[in-house]
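Using the sequences provided together with the hints, build the complete structure.
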Amino acid sequence: MVETVNIIERKDIPSNAIMLNGLPDVGLVGLIATSHIISEAKLAEIAYMDSDLLPPIVVLHEGLPHAPIRIFGNTDLIASFSETAIPADAVQPFIRKLVAWAQAKKVKLMVAMGGMPVQNRQDIIEPRVFGAASSKSLLNMLREKDIEVLKGGYMVGPYALIMRYCAEKDVPAIALLAESFYKYPDPVAAAATLKEFSKISGRKINLSRLTEKGEEIRLKARDMMKRTERELGRMKKTQEYDLPLYV
Amino acid sequence: MQERRRRRTIRDLIREYLEDIEALSEEIMEPSIAERPSWNAQSCCLEPLCSVFVTPNEVIVTADLPNTNPDTIEIRPTNADTIEIIAEMKRKIRFDELGITHRKGEFQYFHCQTNIPVLVNMERVRTEFKRGILEIHIPRKKGYKIEAK
Chain A
4 MVETVNIIER KDIPSNAIML NGLPDVGLVG LIATSHIISE AKLAEIAYMD
54 SDLLPPIVVL HEGLPHAPIR IFGNTDLIAS FSETAIPADA VQPFIRKLVA
104 WAQAKKVKLM VAMGGMPVQN RQDIIEPRVF GAASSKSLLN MLREKDIEVL
154 KGGYMVGPYA LIMRYCAEKD VPAIALLAES FYKYPDPVAA AATLKEFSKI
204 SGRKINLSRL TEKGEEIRLK ARDMMKRTER ELGRMKKTQE YDLPLYV
Chain B
2 MQERRRRRTI RDLIREYLED IEALSEEIME PSIAERPSWN AQSCCLEPLC
52 SVFVTPNEVI VTADLPNTNP DTIEIRPTNA DTIEIIAEMK RKIRFDELGI
102 THRKGEFQYF HCQTNIPVLV NMERVRTEFK RGILEIHIPR KKGYKIEAK
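Chains A and B are the protein sequences, given in the same order.
Numbered per the numbering used here, the first sequence spans residues 4 to 250.
Numbered per the numbering used here, the second sequence spans residues 2 to 150.
Some hints here could point you the wrong way.
[Unchecked claim] With a cut-off of at most 30 angstroms between alpha-carbon atoms, the simulated BS3-like pairs for lysine-lysine come out as follows: (1) B:Lys-105 to A:Lys-223; (2) A:Lys-198 to A:Lys-186; (3) A:Lys-186 to B:Lys-146; (4) A:Lys-229 to B:Lys-91; (5) A:Lys-148 to A:Lys-109; (6) B:Lys-93 to A:Lys-186; (7) B:Lys-146 to A:Lys-223; (8) B:Lys-150 to A:Lys-216; (9) B:Lys-146 to A:Lys-216; (10) A:Lys-45 to A:Lys-154; (11) B:Lys-105 to A:Lys-186; (12) A:Lys-229 to B:Lys-146; (13) A:Lys-100 to A:Lys-198; (14) A:Lys-14 to A:Lys-148; (15) A:Lys-172 to A:Lys-111.
[Said to hold, decoys possible] Computed footprint of chain B on chain A; a stretch qualifies when at least three of its residues, placed anywhere within it, have a C-beta under 8 angstroms from a C-beta of chain B: (16) 103-117; (17) 135-141.
Quick caveat, the hints were computed from the structure, so don't treat them as lab data.
If you're wondering where the values come from, they're calculated on a predicted model, not measured in any experiment.
Where is the CB? At the ideal position from N, CA and C, for every residue including glycine.
Structure representation (structure tokens):
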């Protein structure tokens, strides 16, 4: 079978690393959080994703062309990061490939950081963070870290697929989802997820720069948010508001 | 084994028809959304992200206005079903601060126009500005009621 998505490695990939995933979703929470970690930990580009399912885009950095979906890393941390909204039709093959790659690289924990849209977000000063996990032992770990577990309902989008495929392939995975805006970039929710990630991983993360740059991030992220919102609509993201039918 | 095809009900047909219309309207609308930049260097304006929610009693319009001085926000009804939001930023933002170095220009204002999908009373608008998000509450006009018996 011809692969529709490829991961091209540019450097040695570490084994037994934690892998963060910053993919465009509600409030761009995971994207903002991952971007902050990449810049703070000075992660280098180690691979990129290539596919004909993406629009013909390159991202210029310092005049040089780069793929819009790249993987960064150092010796113990890997982060996937997308600078374009992933077309709804491409999400499944992309995530399937990403999870298979993570399994091949013996990733010890996949972390999906994202947002959980709430209608009264303007009134919330400190967003709560909820967790989901691919196995019972990881759910217990979340509870031990005082993270409230999502017991029921729907997850839709890239993070939903990360959790599903990781559970299928026995790749340990957790999702950290902060109360967030749906259609507005939410750096405060991103900081809330990073705070919980810090508790889990034992890494110190300086969040003050992220908080200080909040307004600037919201200004810069408008176009990305608009395009992401359109793709989320195609993924039927609003199903996350639905009440599940358990009879 | 040959799979027996389920007979489609009238409900299925209507659902498929509506999905086709939705897909077609998305296709028609997409270029106009995608091809319009979110900035206008001539008028020094950035377009903010906006949302409209309709509740039984009011329409709530929200706009994300980071770096805005709340005292400068102006909300103008431009006709019976459109409002315009204009706000001045605390400081001018240059293209290069937004990561673009090959364009010249700076932005001092947010500006957008939003359509209100139901009848509203523009005379009694209430606003709030919390953490950079503008919230405009516009009461809905009460038309005639159809009684359910």
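The hints, checked one at a time:
no., hint, in the structure
1, B:Lys-105 to A:Lys-223, "holds (16 angstroms)"
2, A:Lys-198 to A:Lys-186, "holds (22 angstroms)"
3, A:Lys-186 to B:Lys-146, "violated (34 angstroms)"
4, A:Lys-229 to B:Lys-91, "holds (24 angstroms)"
5, A:Lys-148 to A:Lys-109, "holds (24 angstroms)"
6, B:Lys-93 to A:Lys-186, "holds (24 angstroms)"
7, B:Lys-146 to A:Lys-223, "violated (46 angstroms)"
8, B:Lys-150 to A:Lys-216, "violated (57 angstroms)"
9, B:Lys-146 to A:Lys-216, "violated (50 angstroms)"
10, A:Lys-45 to A:Lys-154, "violated (36 angstroms)"
11, B:Lys-105 to A:Lys-186, "holds (28 angstroms)"
12, A:Lys-229 to B:Lys-146, "violated (37 angstroms)"
13, A:Lys-100 to A:Lys-198, "holds (28 angstroms)"
14, A:Lys-14 to A:Lys-148, "violated (34 angstroms)"
15, A:Lys-172 to A:Lys-111, "holds (13 angstroms)"
16, 103-117, "violated (count 0)"
17, 135-141, "violated (count 0)"
Violated hints, listed in ascending order, are 3, 7, 8, 9, 10, 12, 14, 16, 17; each of the other numbered hints is respected by the structure.
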